[in-house]
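Peer 1: Residue numbers (the numbering used here), protein chains in the order written: chain A, 1 to 398; chain B, 1 to 398.
These are calculated hints, taken from the structure and not from any lab test. Treat each hint with caution, since some may be false.
[What the hints assert, rightly or not] List time: in silico DSSO-like cross-link candidates among lysine-lysine, alpha-carbon distance up to 27 angstroms:
id	chain 1	residue 1	chain 2	residue 2
1	B	Lys381	A	Lys283
2	B	Lys309	A	Lys393
3	B	Lys360	B	Lys393
4	A	Lys371	A	Lys381
5	B	Lys283	A	Lys267
There are 2 protein chains.
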Amino acid sequence: MAKSNSIHGNAVVGQSGGPTCVINQSLVGVIEQFTASARGKLFGMRHGVAGLSKEDLVDLTRVPKTRLAGIAQTPSAALGSSRDKPDVDYCQRLFEVCRKRDIRYFFYIGGNDSADTARIVNEVAASNNYPLHVFHIPKTIDNDLRVNDHTPGYGSAAKWVASAFIGDDMDNRSLPGVKINVVMGRNAGFLTAASVLARVARNSGPHLVYVPEVDFSEAQFVADVQATVDRIGRCVVAVSEGVHRAGECALAGELDKNAPIDAHGNKLLSGGALGDHLVRLVKGAIHAGRVRSDTFGYLQRCFPGVVSKTDAAEARKAAQTAVKLALRGEPSGSVAIIRTGNRPYKVAFERTELANVARKTKHLDLKYVNKAGNNILDSFKDYVAPLAGELPKIELLV
Amino acid sequence: MAKSNSIHGNAVVGQSGGPTCVINQSLVGVIEQFTASARGKLFGMRHGVAGLSKEDLVDLTRVPKTRLAGIAQTPSAALGSSRDKPDVDYCQRLFEVCRKRDIRYFFYIGGNDSADTARIVNEVAASNNYPLHVFHIPKTIDNDLRVNDHTPGYGSAAKWVASAFIGDDMDNRSLPGVKINVVMGRNAGFLTAASVLARVARNSGPHLVYVPEVDFSEAQFVADVQATVDRIGRCVVAVSEGVHRAGECALAGELDKNAPIDAHGNKLLSGGALGDHLVRLVKGAIHAGRVRSDTFGYLQRCFPGVVSKTDAAEARKAAQTAVKLALRGEPSGSVAIIRTGNRPYKVAFERTELANVARKTKHLDLKYVNKAGNNILDSFKDYVAPLAGELPKIELLV
């Protein structure tokens, strides 16, 4: 809606899409900030818009503080999440429930599809002359929301991926060979690129990094591995699940013609097929001793205890900002995280139009990719290090 | 060798087999305890017996304390590991190098194969009337060494697996469906069974647990999943990589007829084939919505920052004990961890014969398996909880 004075009335909050380690920080940020205002009741949608459409709501107005503290530390979406992709009719139904429950504030935590849902709900409310403050709160480990420098959830996933590579590189030093790790990232290579944080010592891996922003050639991949093994006697590889041959869809999907397709038209890329395929390629072409793969899979997004403090704090702050903006009557929008400094690292939380973050996604800037297209430059560390926060320390003996 | 007074002379230490998060605690335990005695020099084998056979040794006599502290915290084998399986001729060669370097103390950190190597080296030395104190120091995330209540490395891996399941169960609550997690464990189900530590809240998973000690039936598996989904609307499964149909080898190996075979005659079970196969089975048979799998793979053994304090302390203490026994002239042997109390948890470190832990392995006691063979009883928590140590806390909202 257009800018107006804030209004009394109830609020609703939901969580959507793949869960993260800090999406509950955002939920708790909404709960604390809204309930402190005493504007009305706060309802939680069970499983996002799916719950709202069925009026499956939880009253969040009086959750004890100590319980909120525990929930904020708990990974995954405490209200339940949803993969529904609402169209205009679906949003019309959501709006009807809001009107029925006297809901005047609508907070939705999620990625670009969630921003689009918020955008449509906002338009339906406006066309009905119903004052509804709709705010989207960013979340995605993929880090692919436009306008945002980065998104809540990414920093913790980056920390997990970096930690995994630090340990796996030590493993590979002790039993040398080729190790291929498949990292989440259908369209954007941000999370795979975060693996370069593991380059903390002499000859540390990953030695090769492949992202979906660059066409993937299996022949080149094998040659790259061979060259690395020739140079240092071993090779640790980071590869995005979304890598694809020139002009083709993701290789992981191509390998399994029967892979299921979700509501968003995306073919399922999880499972071990890509890693197993790359292992066979290497084994068939070169003599590199041990050749193994791991597909990091869903562990990357909800592993408790490996959380970036910066990420957790920003997830909370983004949500608090959304509530503050809504309560003071700002027009509906999304909260974007803008980096305002790197030494020391500083961010600002700014309102942006819902349409700016809805639907389309952002890609990894090619300035971070080396010329050969088989690695991420160390300059990416400057971008990602403050987001991932402190990493485990290692010490080499030999 | 038979009991004798301790002797001056040099020592050698090596690390063998799959690395763990705490095998360097044992290495540092040997270094600190032996160098404090000033009996002679301490050499490290590069990549276990492979390095010793080539005289590829590192002088460990004067590593600074602060560096040792860093190495102890670093996962994986700092000296490098080895998968070599020495026979008597190979051990004869190892003995020759020991004689040449005036090595009188031989410490080898590893599993049952390493204990067997130590046993043969000890016999070769004895038959040459060469006084050599040979001590094996236990290590394996598989937890399958005989005599030992449990082995260093297992507690940290158990903590990692439990943490992964805690997060993954929250993920599965937020986006309900069937989730199948494949856990390391070729012959023994200890690590897979540790997943029951994740049952921390109402209806927490894993809801089904399959270990190699029980024959696996794919038809029964699908029926078990169906029953769980019917009951609570979702299902989280823990399955050992080594599960097998009655009278057959591991299913993971059966699925890939071309899987490579290592020096120990073991077929490679890593890779995503088993998880992908089980997903297809479930999808083909029942309507359970989202069905996904993850294969935890090598991440289970060297993930930094997710380490059990008890495990780290015991790995150090087992090594110190081995050095003390050797220095006071006890006959060659292995150090076994014996549990002497559970409330409070207490252990003793005792010398045992090398032959007692060499070659053969231990299996999970069937008293921990439920009657249907598709779950691990909560009584296993009493066994594993003190080993894994503190776990992440979670809080449910709904």
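Peer 1: Going straight from one Cα to the other, do Lys371/A and Lys381/A come out at no more than 27 angstroms?
Peer 2: holds (18 angstroms)
Peer 1: Taken at face value, is the distance from the CA of Lys283/A to the CA of Lys381/B at most 27 angstroms?
Peer 2: violated (41 angstroms)
Peer 1: Between Lys283/B and Lys267/A, does the CA-CA distance stay at or below 27 angstroms?
Peer 2: Cα-Cα ~15 angstroms, so holds.
Peer 1: Check the hint pairing Lys360/B with Lys393/B against an upper bound of 27 angstroms on the C-alpha distance.
Peer 2: With Cα atoms ~38 angstroms apart, Lys360/B and Lys393/B exceed 27 angstroms; violated.
Peer 1: Below or equal to 27 angstroms on CA atoms is what counts here, so check Lys309/B against Lys393/A.
Peer 2: Status holds; Cα separation ~17 angstroms.
The structure is inconsistent with the numbered hints 1 and 3, although it conforms to all the rest.
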